[in-house]
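**Q** Protein chains in written order, with the numbering used here: chain A, 313 to 548; chain B, 600 to 701; chain C, 305 to 651.
Simulated from the structure, these hints should not be mistaken for lab results. Heads up, none of these hints are tricks.
One-sided and incomplete, this derived list gives chain A residues near chain C with beta-carbon spacing under 8 Å:
| id | residue |
| --- | --- |
| 1 | I345 |
| 2 | I372 |
| 3 | T375 |
| 4 | L383 |
| 5 | F384 |
| 6 | G444 |
Beta carbons are placed, not taken as given, at the ideal position from N, Cα and C, and that holds for glycine.
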Amino acid sequence: MPWDVIFFYLIGGVSVLTALGVVVANNPVHAGIFLVICFLNVAGIFVMLGAEFLAVTQVIVYTGAILVLVLFVLMLVDPDDLPEFHTARPVQRYVGFLLGAVLLLEVGAAILTWTRFAPEGTATPENIAFVGGNTQALGRLLYTDYLLAFEVISLVLIVGIIGAIVLALPERLGERTGTRRDTISLGHARGTDTAALPVGPRGETPITVDRDRAQPTPAMTRGLIMAKDADEYTTV
Amino acid sequence: MGELGIEHFLFLSAALFIIGMMGVLTRRNVLIIFMCVELMVTAVNISLVAFGVATDTMNGQAFVIFTVSVAAAEAAVGLGIILALNRRGKSLDVDDIRALRD
Amino acid sequence: MAEQPIWLTFIVAFIIMNVLLVGMAYMTYFERKVMAAMQDRMGPTRTGPKGLLQPIADGIKLLGKEDLIPAAADKVVFFFAPLIVFVTALVSVAVIPFGGTVQIFGRDVNLFVTDLNVGALFILAIGSAGVYGIILGAWASANRYSLLGGLRSAAQVVSYEIILGLSLVGIFLITGSLSLRDILLAQQQPLEFGPLSLSNWYILSQPLAFVLFLIAAVAETNRAPFDLPEAETELVSGFHTEYSAFRFSFYFLGEYINMIVVSLFASTLFLGGTSGPGSEAYWGLGLLWLLLKTVIFLFFYVWLRTTLPRFRFDQLMGIAWKVLLPLALLNIVITAFIRLVSNGQVF
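When you get a sec, could you build the whole thing from the sequences and use the hints?
**A** Here you go:
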């Protein structure tokens with residue numbers, strides 16, 4: 313068997329197996345790791361197809377940025393908020409796999425009966441080598457035929473960035489998120505007399521109430537008054 | 600490409616796409632569904648490049664640049680939504696996220 | 305670039321890898337000696353003459369230690385995470401050219417492992433894959449401090465990678481190629497200023513990009529003053545708190561090899577790599593020039609570590625997004641404009 317066929321089955325096999333791993337893994341972080349391996353192998357497939365630039369783009373954009381962020385979010389969220397795989401409704405699961413099998417048969421039939429109707433292009437390996445390689449050929453195409461689309465895609469990216477920033481902001485600007493109230497530094501101050509406390513940097517009175525639950529000691533009060541950080545106070 | 604035909608790559612692409620689709624249909628964790636969508640996009644990219652090679656054009660590869668950019672924008676917004684949901688104390692189960700439906 | 309049998313490439317790769325590992329060991333010695341001199345100390349003196357055997361003693365000590373695995377750790381991920389850092393650090397050296405094709409024992413030998421069409425991007429891509437070693441190791445340790453270090457590292461590397469990539473765009477615009485060998489060859493053309501003739505090193509035509517690259521490279525390798533993922537004083541060593549013995553040494557090796565690779569990369573991109581007086585006649589001299597330039601960068605790393613205090617995390621992110629990113633974009637616009645003017649396409 314020639315080497316490229318062996319490599320194809322190796323890389324393709326690993327990518328399909330790890331893709332299955334993404335679907336069946338119980339631990340979401342494991343699913344993320346499987347997807348990383350899968351995408352690295354897809355980059356290998358791109359190299360086999362002669363698209364080196366896309367292979368590197370695949371690694372930089374998908375594994376280097378998107379999946380790092382996905383893992384980042386996975387590690388940030390509370391594991392208790394994540395649903396278990398096994399709680400999926402059985403009907404949903406069986407219908408899902410059944411639909412997948414049907415689609416696989418359909419697409420398989422389409423691939424096997426595929427006939428070429430597009431005319432031959434000019435990007436033969438000799439022509440690509442003539443302009444200097446895959447990167448140069450792709451650049452020429454992007455900045456001539458697809459120039460408008462290229463500009464539009466940069467606009468899409470900017471809108472995406474702005475959208476992400478807006479979504480990530482707290483609901484009202486300047487306000488801390490809800491869990492802030494329960495931090496250790498505020499826990500010290502529970503039950504102290506608000507009148508005895510200094511006013512916050514923006515003129516607000518610090519709210520550190522819940523008198524019924526706490527037994528203030530002089531040390532606790534001192535701890536709060538000594539705190540100089542603006543974050544030690546919450547607004548009403 | 601030796602004995603490798605375009606069909607090999609198309610089958611690989613179809614397999615990855617369908618695995619991703621099954622993931623989207625059967626999993627309920629928003630983040631896993633997100634990853635499966637990325638997997639489907641990548642599977643389509645493989646077939647775009649394969650068609651480009653088969654017809655001796657670079658257009659397939661140019662399309663992949665565009666899909667990768669859209670996927671990046673989608674990741675930024677999607678993860679922002681997921682974080683915002685989680686910050687409001689919502690579960691990350693897709694069946695529980697239905698504020699717009701009720 | 306001459307074709308050569310694959311076994312010859314393997315031999316070259318093997319030699320480069322071993323030189324890199326030995327170089328890494330003596331990098332630690334170099335760092336300790338330089339830091340000692342800057343802090344008016346002696347540094348290692350006991351092991352061998354002038355303490356020259358200290359790295360070997362350190363290695364034996366690390367390998368002899370007990371290998372601890374936390375009970376709550378994810379065993380498989382915990383095992384593989386340090387290897388990711390180590391392997392990605394080693395792989396990226398494959399595209400760095402150590403010279404052209406030379407005659408050794410009557411054979412044509414390429415002094416590089418491979419000449420990729422996308423070599424410069426390859427190093428960036430491999431570097432971005434290396435961050436998985438840190439965040440997965442941090443997560444698998446089941447330790448809050450480690451996880452914080454890993455998350456910091458993820459945010460930091462993703463942000464500074466953008467700066468690293470954008471700072472190189474100017475060079476790509478001038479060279480018209482992403483191959484490191486083409487970039488090296490382009491820098492060997494002389495630059496004429498009337499009677500003066502200088503080597504066209506990109507540090508001269510891309511000074512802003514050089515500064516941006518240096519800052520981003522320090523952040524990318526998690527070194528002081530950007531060593532927030534480790535931050536001994538606040539995170540008890542961050543992502544590798546739970547690692548010991550040879551697993552820890554893989555992280556350690558990976559970090560130092562990364563520094564050496566980034567220094568080699570910077571010398572190739574901005575300081576003309578192997579070019580220098582006499583390097584055209586003798587390839588050994590070219591290697592010496594490359595070594596000298598790399599050592600300058602490594603000294604710079606150590607210098608920073610002894611001089612600057614660590615940044616706060618919001619300062620780190622602020623620098624990346626509010627200062628460095630606009631500067632990098634400005635550099636691209638200026639370079640593209642000058643390129644257009646010199647091509648006669650405007651005015």
